[in-house]
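Participant: Sequence:
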Amino acid sequence: MKRLVTFLLVLNLSACAELQEVVNQLPQDVGISQAEMGSALRQALDLGIDKQVSKLTQKDGFFKNELVKIMLPDELTKVDKALRDIGLGSLADEGLKVLNRAAEDAVSEATPIFIDAVKGITFNDAKNILLGQDDAATQYLTGRTQTALYDKFNPVIKNSFSKVGADDIWANLISKYNSIPFTSDVNPDLTDYVTGEALKGVYKMIAVEEKEIRNKVSSRTTDLLRKVFALQD
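Numbering (mature numbering (1 follows the signal peptide of the UniProt record, and there is no 0)) for the sequence shown: -17 to -1, 1 to 216.
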């Protein structure tokens, strides 16, 4: 009981600079080694990547997932509405579908980059993640992979647009929209937009799994996860 009270006190006050040294000793105080803490965080992120990100690579992984479904950029919402108003809803739906298909193609490029980032987790990283917010591990991964993933996703999405005819579909959509009287021409960079939305979707799904592991004991599927994440319960 005394150990538990001490641990809770440290958690409540760990933001204070004068107690940083105490926080640094936390794993030893509660029977968790540095190696175990690092391994547990790697397992948690690996679960998020394997369980959630892999879903996004499947057909309709984005399109039928309301958490991450890619909608039109603000500049084109008026295109979608105008087309539906004149009875071209199916064409607008097809335009949305190809955006999401391109993202699904691109996410398959993410796993090797994530694996490298997860391998690089240090003890200090793990400690800060464990004592952080519900998405602290996701934030860590975002900071270390976002640029590399953008560089990987962008050409894949551009190629996917060509492969599935998205260029033609959107040229048709925008052409029809621009032919409507009293409208202004639009020509957004859809490749950049979908790349950004695909990245948001990937990190959102990892965050979903991280939150599950943090808040539901049943989601801690290994002894190590149960042992380490019990510290933050």
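Note that these hints are calculated values from the structure, not bench results. Treat the numbers as computed from the prediction; the structure is a model and nothing was measured. Do not take every clue at face value.
[Claimed, not checked] List of simulated lysine-lysine pairs, DSS-like, C-alpha gap at most 25 Å:
hint, residue 1, residue 2
1, Lys47, Lys183
2, Lys187, Lys135
3, Lys102, Lys210
4, Lys34, Lys61
5, Lys42, Lys102
6, Lys183, Lys159
7, Lys210, Lys52
8, Lys80, Lys102
9, Lys38, Lys64
10, Lys199, Lys210
11, Lys34, Lys159
12, Lys187, Lys199
13, Lys38, Lys102
14, Lys146, Lys42
15, Lys52, Lys64
16, Lys199, Lys61
17, Lys199, Lys80
Participant: Now tell me, hint by hint, if it's right for this structure.
Facilitator: Hint-by-hint comparison with the structure:
1. Lys47 to Lys183: Holds, because 16 Å separates the two Cα atoms, which is no more than 25 Å.
2. Lys187 to Lys135: It holds: about 18 Å lies between the C-alpha atoms, which stays within 25 Å.
3. Lys102 to Lys210: With Cα atoms ~20 Å apart, lysine 102 and lysine 210 stay inside 25 Å; holds.
4. Lys34 to Lys61: 36 Å, violated
5. Lys42 to Lys102: 29 Å, violated
6. Lys183 to Lys159: Not satisfied, since the Cα-Cα distance of roughly 30 Å exceeds 25 Å.
7. Lys210 to Lys52: Given that 25 Å is the threshold and the Cα spacing comes to 35 Å, the pair is violated.
8. Lys80 to Lys102: 35 Å, violated
9. Lys38 to Lys64: Between lysine 38 and lysine 64 the Cα gap is close to 30 Å, so the pair fails against 25 Å, i.e. violated.
10. Lys199 to Lys210: 13 Å, holds
11. Lys34 to Lys159: 41 Å, violated
12. Lys187 to Lys199: OK: lysine 187 and lysine 199 at ~18 Å, within 25 Å.
13. Lys38 to Lys102: Since the Cα atoms of lysine 38 and lysine 102 sit roughly 22 Å apart, the hinted pair holds (cutoff 25 Å).
14. Lys146 to Lys42: At roughly 15 Å apart (the allowed maximum being 25 Å), lysine 42 and lysine 146 satisfy the hint.
15. Lys52 to Lys64: Judged against 25 Å, a Cα distance of about 18 Å means the pair holds.
16. Lys199 to Lys61: 42 Å, violated
17. Lys199 to Lys80: At roughly 34 Å apart (the allowed maximum being 25 Å), lysine 80 and lysine 199 break the hint.
The structure is inconsistent with the numbered hints 4, 5, 6, 7, 8, 9, 11, 16, 17, although it conforms to all the rest.
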